[in-house]
Amino acid sequence: MTKLTLGTHPFLLGFEQLERLVERTAKASGDGYPPYNIEQTSERSYRITLAVAGFAEADLSITVEDNQLVVRGRQSDSAEERVFLHRGIAARQFQRSFVLADGVEVGEAVMENGLLHIDLSRQPADSVVQTIRIKRSGK
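Residue numbers (the working numbering): 1134 to 1272.
Calculated from the structure, these hints are not laboratory results.
Being a predicted model, the structure only gives us computed values, none of them experimental.
For every residue, glycine included, the Cβ atom is placed at its ideal position computed from N, Cα and C.
Be careful, since some hints might not be right.
Stated by the list, open to error - Just the calculated beta-carbon pair ranges, DEER-fashion:
{"hint": "1", "residue 1": "1270", "residue 2": "1195", "range": "33 to 39 Å"}
{"hint": "2", "residue 1": "1261", "residue 2": "1199", "range": "22 to 28 Å"}
{"hint": "3", "residue 1": "1173", "residue 2": "1268", "range": "44 to 50 Å"}
{"hint": "4", "residue 1": "1243", "residue 2": "1268", "range": "53 to 59 Å"}
{"hint": "5", "residue 1": "1263", "residue 2": "1170", "range": "36 to 42 Å"}
{"hint": "6", "residue 1": "1224", "residue 2": "1196", "range": "20 to 26 Å"}
{"hint": "7", "residue 1": "1196", "residue 2": "1262", "range": "19 to 25 Å"}
{"hint": "8", "residue 1": "1156", "residue 2": "1247", "range": "14 to 20 Å"}
{"hint": "9", "residue 1": "1236", "residue 2": "1270", "range": "16 to 22 Å"}
{"hint": "10", "residue 1": "1260", "residue 2": "1190", "range": "39 to 45 Å"}
{"hint": "11", "residue 1": "1218", "residue 2": "1238", "range": "42 to 48 Å"}
{"hint": "12", "residue 1": "1192", "residue 2": "1263", "range": "58 to 64 Å"}
{"hint": "13", "residue 1": "1192", "residue 2": "1147", "range": "39 to 45 Å"}
{"hint": "14", "residue 1": "1268", "residue 2": "1238", "range": "36 to 42 Å"}
Take these sequences, add in the hints, and give me the full structure.
Encoded structure:
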């Protein structure tokens, strides 16, 4: 039995990049830190919320790289000056990536009560109809 993939199915032409995207997403880090929610806020908008307690705005960076939203956190090392009797709050760096579909744009990012909210919107796709002219063979 032959395994059909998106790139080899006869009716799905040019989807090799999508297949690579699915593979890359499946291999993404699954450590679960920081925890996050993704909610649909309207028909064409979404909100990603990450629990980033202990991080300041200056400790976080948000970038879009090749249709991938990347959120990175790195706390400044002020702990060297402090003496902890118990340290139960993690102060580790992280990188969390989300693959964005074509047409999804990143809006604003807001910090509120230890939560980082990132708003996304999806633009409606333009409907394109193209007529292809048939040429006569040179025979």
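Evaluation of the provided hints:
1. Between residue 1270 and residue 1195, the C-beta spacing of about 55 Å breaks the proposed range 33 to 39 Å.
2. For the hinted restraint 22 to 28 Å between residue 1261 and residue 1199, the CB-CB distance of approximately 24 Å keeps it satisfied.
3. At about 47 Å, the CB distance of residue 1173 to residue 1268 agrees with the hint of 44 to 50 Å.
4. Between residue 1243 and residue 1268 the beta carbon distance is about 56 Å. The supplied range of 53 to 59 Å therefore holds.
5. In this structure, residue 1263 and residue 1170 meet the distance hint of 36 to 42 Å, their C-beta atoms being roughly 40 Å apart.
6. Distance hint check for residue 1224 and residue 1196: the Cβ-Cβ separation is about 22 Å, which falls inside the suggested range of 20 to 26 Å.
7. Separation of residue 1196 from residue 1262 is about 36 Å and departs from the stated range, judged on CB atoms against 19 to 25 Å.
8. Between residue 1156 and residue 1247 the C-beta distance comes to about 34 Å, which lies outside the given range of 14 to 20 Å.
9. Between residue 1236 and residue 1270 the beta carbon distance is about 39 Å. The supplied range of 16 to 22 Å is therefore violated.
10. For the hinted restraint 39 to 45 Å between residue 1260 and residue 1190, the CB-CB distance of approximately 40 Å keeps it satisfied.
11. Between residue 1218 and residue 1238 the CB atoms are about 47 Å apart, so this pair conforms to the stated range of 42 to 48 Å.
12. The hinted range of 58 to 64 Å is not satisfied by residue 1192 and residue 1263, whose Cβ atoms lie roughly 49 Å apart.
13. About 41 Å separates the C-beta atoms of residue 1192 and residue 1147, a value consistent with the hinted range of 39 to 45 Å.
14. Between residue 1268 and residue 1238 the beta carbons are some 40 Å apart, a value that agrees with the proposed interval 36 to 42 Å.
In this structure, the hints that do not hold are numbers 1, 7, 8, 9, 12, in rising order.
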